[in-house]
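4 protein chains.
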Amino acid sequence: MSKLWEKEYSLDKLIEEYTVGDDPQLDARLVNADCVASIAHATMLERIGILSAKELKGLRRELVEIIRRNDAGDFTIRVDEEDCHTAIENHLVQRLGEAGKKIHTGRSRNDQIIAALRLHARSALLSIQRSCLDLVGTLKGFAARHANVPMPGRTHMQIAMPSSVGLWAGAFAEELLDDLSLLEGAYDLNNLSPLGSAASYGVPLPLDRELVAELLGFRAVQNNVLYVNNSRGKFESVILDAAEQVMLSLSKLAQDVILFSMPEFRYFTLPQELCGGSSIMPQKRNPGMLELMRAKAAAVGAAGVQIKGIIRSLPSGYNRDFQETKGPFLRSLSVVLASLRVADRVMRSLEVNEQALLAGFLPEIYATDRALELVASGVPFRDAYRQVAAGLKSLEGMDPHEAIRRKTHTGTTGNLKLELIEQRLVEHARKAAAQAGEVDRRVRELIGTEAAL
Amino acid sequence: MSKLWEKEYSLDKLIEEYTVGDDPQLDARLVNADCVASIAHATMLERIGILSAKELKGLRRELVEIIRRNDAGDFTIRVDEEDCHTAIENHLVQRLGEAGKKIHTGRSRNDQIIAALRLHARSALLSIQRSCLDLVGTLKGFAARHANVPMPGRTHMQIAMPSSVGLWAGAFAEELLDDLSLLEGAYDLNNLSPLGSAASYGVPLPLDRELVAELLGFRAVQNNVLYVNNSRGKFESVILDAAEQVMLSLSKLAQDVILFSMPEFRYFTLPQELCGGSSIMPQKRNPGMLELMRAKAAAVGAAGVQIKGIIRSLPSGYNRDFQETKGPFLRSLSVVLASLRVADRVMRSLEVNEQALLAGFLPEIYATDRALELVASGVPFRDAYRQVAAGLKSLEGMDPHEAIRRKTHTGTTGNLKLELIEQRLVEHARKAAAQAGEVDRRVRELIGTEAAL
Amino acid sequence: MSKLWEKEYSLDKLIEEYTVGDDPQLDARLVNADCVASIAHATMLERIGILSAKELKGLRRELVEIIRRNDAGDFTIRVDEEDCHTAIENHLVQRLGEAGKKIHTGRSRNDQIIAALRLHARSALLSIQRSCLDLVGTLKGFAARHANVPMPGRTHMQIAMPSSVGLWAGAFAEELLDDLSLLEGAYDLNNLSPLGSAASYGVPLPLDRELVAELLGFRAVQNNVLYVNNSRGKFESVILDAAEQVMLSLSKLAQDVILFSMPEFRYFTLPQELCGGSSIMPQKRNPGMLELMRAKAAAVGAAGVQIKGIIRSLPSGYNRDFQETKGPFLRSLSVVLASLRVADRVMRSLEVNEQALLAGFLPEIYATDRALELVASGVPFRDAYRQVAAGLKSLEGMDPHEAIRRKTHTGTTGNLKLELIEQRLVEHARKAAAQAGEVDRRVRELIGTEAAL
Amino acid sequence: MSKLWEKEYSLDKLIEEYTVGDDPQLDARLVNADCVASIAHATMLERIGILSAKELKGLRRELVEIIRRNDAGDFTIRVDEEDCHTAIENHLVQRLGEAGKKIHTGRSRNDQIIAALRLHARSALLSIQRSCLDLVGTLKGFAARHANVPMPGRTHMQIAMPSSVGLWAGAFAEELLDDLSLLEGAYDLNNLSPLGSAASYGVPLPLDRELVAELLGFRAVQNNVLYVNNSRGKFESVILDAAEQVMLSLSKLAQDVILFSMPEFRYFTLPQELCGGSSIMPQKRNPGMLELMRAKAAAVGAAGVQIKGIIRSLPSGYNRDFQETKGPFLRSLSVVLASLRVADRVMRSLEVNEQALLAGFLPEIYATDRALELVASGVPFRDAYRQVAAGLKSLEGMDPHEAIRRKTHTGTTGNLKLELIEQRLVEHARKAAAQAGEVDRRVRELIGTEAAL
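Residue numbers (the working numbering), protein chains in the order written: chain A, 1495 to 1947; chain B, 1495 to 1947; chain C, 1495 to 1947; chain D, 1495 to 1947.
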């Protein structure tokens, strides 16, 4: 069976390997999405009279069968087929003849791959959001359990002022909630139907783009057909920008936990079952998964750099360069999801050592608080500041617990307002659940069964 | 007058230059915002009894005076003062004595700089949004005027299918509308009050953070005080990610216009008054501003890479590394604004040469349409495709105008739906105007006059 | 069979997947290099009395056997084994018992992986250099064949001054020769033996590091054992920086060929057998491999960004983050090699259409030459410039061939000095051949047969 | 006085600001280099008969005068002049009339700016190399003074094996020596004369490019005139890649010193005069310059990303995009130089606290050494490894000094081989001094006085 565009000549082998690249492997993730989009497209073609009811029925049956086989690891894409689109069409033609040849009517691989990527990204984003919500919940619980455990607050990595484990964990919970908003914005942008744009210029057939969008649960049609192709890579980079913010949050979390579980701190202890060992040093309990999380943050960032670098100076319309955006995009979605799950696993089992934390309260940590006491008694701040700087010795013996209780304004150790986290968590969770429910319902109605996209 | 933290020793000169960097120059853009935030902070300090009404009055007067002098180019930050915060405080102490020394109570340069950056970014984002809306309007008008002008549609930069100038321009209008949504998301994230977080750990004083947020027109307090500092660089990178999407849109627009105004195309002509010349070749009319737009897209991208690279592996709390995020952030905001204005200027004066566009309609451009005609008459697509490929010669003499009229489904040449652009434009414009009005009103109420932040 | 560091607890499954990542796939490329390095290490252990002659003999035999199986696609690394080092050691223990357990004496996976990467990179760099030399040769031949074919010279993508196909192709040949120097610099840096550094701190055994370096054909021992580990990622990024320069050269070449083979230019024609087609447009001959080359330049660039991003803020000594540098490094080496081969394939078959090139000589292309004629007759340049600018019409009818012949100073159309390219080519080729011969000889002497590293 | 290419129309103001950008500020650094290159060019024009001896004399005098004024801060570039080239030519025409108008004969601003950048970069690289050598010397001395001071060796930031301050410092010295080789490679690439390439296509005049190259002390002419312009941005990025490696070395050094001067370690103490303070916390001694060094490493990296991103998809010949490579290039050169000087300042005054280092020797640090003792007595390594892992308690009371003395193979604590550093230092210093001497001599001979380029 041949390539979709094969005519009389055969493609040079060296060139073939170069141009096909790792598409056959990558596209395995997109087979289900491509089949579901094809069923929606075929359904529309039947409505506008291009396919018969019988042809549609056959196509739907075979496409669902491909999904089943793909889930069973039983659908392969050959290098000479290049991508999932060709492999699927080849299968349909082989099984259905004429009907298989008609499925490509009114579309191009250009809008087909965009549709598959968006359906896949939509599902991946919902999983990422769910894992992010789990982690926010875990962090909030961690903050609540350790709300009154003092922790040396640092600036410049030096000891600065009294803080608490609750404040520390709450900071990450709030950061991830902001990341969730970014993910949701990316979700909305992505949730637009590209189908019907074909190779960027539409087709002279009365396609019903709105119907296809509805069948697939997209929130709307992406209108301008040229823009559809111009947005290839762009939407991916917007999604990765949001994903990178998640990774930046996790990287900071990882950095803190690695640092504070060093023997010189022992604020935290990582459970043994999460730590790798050393091939040469028997005593080691290494935070390998946290180091990799830090490094994977750089990997997701580089994926965004790659995609934006590719699209930056492309002229309008489809250019083959887009193909190179697929790998970094798909791989990064997996990395972010796994990283959130690992972070949740870590935070669920991280032990807090209050004694070690208290040992970190060197006298100078109280200097600012003392200066502000002087202020409260009427000394101008700059004078109080110089006065305390000159008498740091006098700060010994202050009480860490008291110090964190005494800060009571919004968002500080004595007033964490964890209930705000809970409220936002509930709202985001409700929204994500509604979207996931809608996606599942649409797919079920369209293909008659469930499918993981 | 000395640095805020100066005690008994003097800082090594080499180190001073290295650590101060270009802060004195950059901070000139932040003086007004810092003064406005200081007035809000002082107003709150008076409410909670730390400043007297008289002290507040003096502080407000002097801070407004600094704004006035800064607007007149008459307020300078000396290298030994390091930054605008110190220069302003020095001024206040010099003029007001005790009251000046009290203004720093309950804050740190950490939350001060974040507040100034957010106020400045808020105003810059509003200007960027306005210029983006202008450009969308210009592009929409351009698309409407040239809706029926045929243009060769390309994929792989090769001639592909019939398209129109209207479709081409409309694609950019819709892309920029999506960029506007990203800018708005970044605006909302940025529009949170950091004040009261001090050096990341709050203070043992009954600060009223909600009051300060309200006075400055922020939509809310950013709650967790450690997160406030952890979000330094993060919010900037979210803003730059949105800004980079704008630049990616403009870069593609620039690339198209450069390409299509080459003598081999002459689809477009750039007006002479926008083009630079050559120092050695008298005949040249170079699209320098568009080439620079393309390059500046890479510059804004690199600014984001820099900021994310800086924050990626920082532990919690303030680290001096943040200082290096200020330059790329502020400079990029200016670049994006200027680029939008230049793009608008270009699109307002770009000439369209219909004859040159029609000359680009080589016969093969109609191949796909012909294949789909065969499909409409019952031939399976794959067979039609091979049939047309074998007889490309027969496509001569087809009519470009007819070809673009015949595509009538949503979003294509015969059905551009420019009214959707208009609707979205109006909504975004209304939102931006409301936000700008609110910001202006709050500032006026707080400081008694207008100020450009 | 267990992990090297396995003790009593079992690693959490989620964590295992996350930390192992795609090492088992990636490490397939490193099995041979790891076996060869192990033979060298074992040879040294025998010399210093840790292994018996018989143990060494057994180890060598089994390691060669693993290479043989790996070449036959018959050696697999299981996920629970994590990486090639463990899989190989497991195999040795299974076959040889005690001797297998001794092979790890005096080393760590830290120096083991560095050694394998360097041996692999050394071979990959030699292949890249050879392909680069081939392409330089092809470009030089292309330049020679078309030395007198006029080509419009451009600046700002606008028509500027008379040029030639010879000058155009020669520019790329010279650029790639400079890239070769960068590759050679990276080769020398990489060609240092890390073995004996163990986990960054050496071992209390009398290892003979010089012997191991000599056996493996490294130019020297990398001295400081901590620096060995600190240079992980660093050397890879230096290699990728050189490789990226190659890709930047190829990207520009690709951009030119794509542009100048558009129907509006037709300066060049790509042979049909190298071009992909379109799934919807039967007439297309798309330069897909050149678009991908352009995009892969961004991919290699992003790989460098990733690696540098990962190492930028790591403290001294081994950190698990390094693992994430392996994928982008190995994949980029393959991409560069394939890109050079594809570029060579393209340049060997690219057709030059002289008529189309001559048609590009619009009259204004001669303006600067005319201005300089006036200069030669005594008119100051600035005046000549303005005079010609005012009379562009008079330039019609000039002769392109004459125009390119008349420039005779060094390095221009009438004096390309292609012999300089030839000289440099010969020198680089001699050097690369000597290095390749030395590498092959050392490996053969060490393991008794040939092996592709 | 007008722009070089000014004809009859005036450039739109908005466009002018956008296209001129910060060139007037940046070009201040290039005025001297441009004047020196102009004297060489004029000297050659006189030899080939285009300038009279008298004209040359006048031009040389005025150009030296401009250098003098520029050094005195007395030569300004107006926005309407765009860049230093125009400002200088305007000055010459004003003072010399005809002769001033002739200086541009046979060149373009394209090769002029490349020449100025290369002369400036050559001098900057020599300064960077000198400062790098200073730092290597300082680190070597530091390593020698503390060769026998034990330091806990780490992997995964956890305590791993016995190490020494000597090994730690020596690692950085060796890394910087490798960086020096990269800088030298970049120096050689950069040290080629671009003059005579004009706007990429040479000129129909008998320019003597070899003479100009010799007068300016370039090692050779860069031959192909199109390649000269194609290498714009490329050479800059090669230089920045080498510079970034220096910054990566410094960033790791900074990270280590920041970490190990935290109160929980106190291995090192930074002298008070190098540390900034806090505006709110009187007790702080912040390693601000080291945090900034870390961040500036990201800035230099981003500068490289920007430049490569700009040039990646440019077609052949000059494109205005190149202008945006100037800022990141020039600024990065300054950053690297300053960072090296600050690092040297830090290492000259860093105090080592042996007691704190010894306190870090927890018993498990000896585990690997013990395992290897068992190996030396005949136990297979894997068995020894498991045996020690089971009895970590027995390792108390071992002697750190003894532990670091007992490792005697090449490059480890008992055998640092600092003499290798000294040898390499001497060689690099000799080479750099010879190059600097040659550059100074050539400039002096050419212009009759000294000038800082």
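A hint or two may mislead.
Because identical chains cannot be distinguished in the list, a pair is counted as satisfied if it fits within a single copy or across any two copies.
Stated by the list, open to error - Below, in silico cross-link-like pairs of lysine to any residue (SDA-like), each with a Cα-Cα straight-line distance of 20 Å or less:
| # | residue 1 | residue 2 |
| --- | --- | --- |
| 1 | LYS1548 | ARG1572 |
| 2 | LYS1911 | GLU1704 |
| 3 | LYS1911 | ARG1713 |
| 4 | LYS1595 | ALA1547 |
| 5 | LYS1887 | GLY1854 |
| 6 | LYS1507 | SER1871 |
| 7 | LYS1925 | ASP1682 |
| 8 | LYS1887 | PRO1757 |
| 9 | LYS1925 | HIS1895 |
| 10 | LYS1925 | ASP1516 |
| 11 | LYS1911 | ARG1936 |
| 12 | LYS1548 | GLY1942 |
| 13 | LYS1507 | LEU1844 |
| 14 | LYS1548 | GLN1849 |
| 15 | LYS1925 | ARG1936 |
| 16 | LYS1887 | LYS1911 |
| 17 | LYS1551 | GLU1944 |
| 18 | LYS1911 | LEU1868 |
| 19 | LYS1595 | HIS1585 |
| 20 | LYS1507 | SER1675 |
| 21 | LYS1911 | GLN1929 |
Don't read these hints as lab results, they were simulated from the structure.
Evaluated hints:
When the C-alpha separation of LYS1548 and ARG1572 is checked against a cutoff of 20 Å, the pair qualifies neither within a copy, at 29 Å, nor between copies, at 48 Å. For the homomeric pair LYS1911 and GLU1704, the shortest alpha-carbon distance between copies (14 Å) is at most 20 Å, but the shortest distance inside one copy (45 Å) is not. Taking the shortest Cα distances, LYS1911 and ARG1713 sit within 20 Å of each other only across copies (18 Å), while inside one copy they are farther apart (35 Å). Within a single copy, LYS1595 and ALA1547 get their C-alpha atoms as close as 16 Å, which meets the 20 Å cut-off; across copies the closest is 68 Å, which misses it.
In this assembly of identical chains, the alpha carbons of LYS1887 and GLY1854 lie at most 20 Å apart only when taken from the same copy (16 Å versus 26 Å across copies). Proximity of LYS1507 to SER1871 under the C-alpha cut-off of 20 Å is found in neither arrangement, the shortest distances being 83 Å within a copy and 37 Å between copies. For the homomeric pair LYS1925 and ASP1682, the shortest alpha-carbon distances inside one copy (12 Å) and between copies (19 Å) are both at most 20 Å. Within a single copy, LYS1887 and PRO1757 get their C-alpha atoms only as close as 27 Å, which misses the 20 Å cut-off; across copies the closest is 16 Å, which meets it.
With identical chains, the CA atoms of LYS1925 and HIS1895 are never at most 20 Å apart, being 39 Å at best within one copy and 47 Å at best between copies. Proximity of LYS1925 and ASP1516 under a CA criterion of 20 Å is satisfied in neither setting, with 36 Å inside one chain copy and 34 Å between copies. Taking the shortest alpha-carbon separations for LYS1911 and ARG1936, neither the intra-copy value of 39 Å nor the inter-copy value of 27 Å comes in at or below 20 Å. Only within a single protomer do LYS1548 and GLY1942 lie at most 20 Å apart by alpha-carbon distance; the minimum there is 16 Å, versus 67 Å between protomers.
In this homomeric assembly, LYS1507 and LEU1844 come within 20 Å of each other (Cα to Cα) only across copies, at 17 Å, whereas the closest approach inside a single copy is 53 Å. For a Cα distance limit of 20 Å, the shortest separation of LYS1548 from GLN1849 qualifies neither inside one copy, at 74 Å, nor across copies, at 48 Å. Taking the shortest Cα distances, LYS1925 and ARG1936 sit within 20 Å of each other inside one copy (17 Å), while across copies they are farther apart (33 Å). Neither within a single protomer nor between protomers do LYS1887 and LYS1911 lie at most 20 Å apart by alpha-carbon distance, with minima of 34 Å and 45 Å respectively.
In the homo-oligomer, the alpha carbons of LYS1551 and GLU1944 lie at most 20 Å apart inside one protomer (18 Å), although the nearest pairing across protomers, at 59 Å, exceeds that limit. Within a single copy, LYS1911 and LEU1868 get their C-alpha atoms no closer than 28 Å, and across copies no closer than 57 Å, so neither meets the 20 Å cut-off. Taking the shortest Cα distances, LYS1595 and HIS1585 sit within 20 Å of each other inside one copy (10 Å), while across copies they are farther apart (52 Å). Taking the closest pair of Cα atoms, LYS1507 and SER1675 never come within 20 Å of each other, the shortest separation being 47 Å inside a single copy and 30 Å across copies.
Taking the closest pair of Cα atoms, LYS1911 and GLN1929 never come within 20 Å of each other, the shortest separation being 28 Å inside a single copy and 28 Å across copies.
Consistency with the previously given hints fails for numbers 1, 6, 9, 10, 11, 14, 16, 18, 20 and 21, ordered from lowest to highest.
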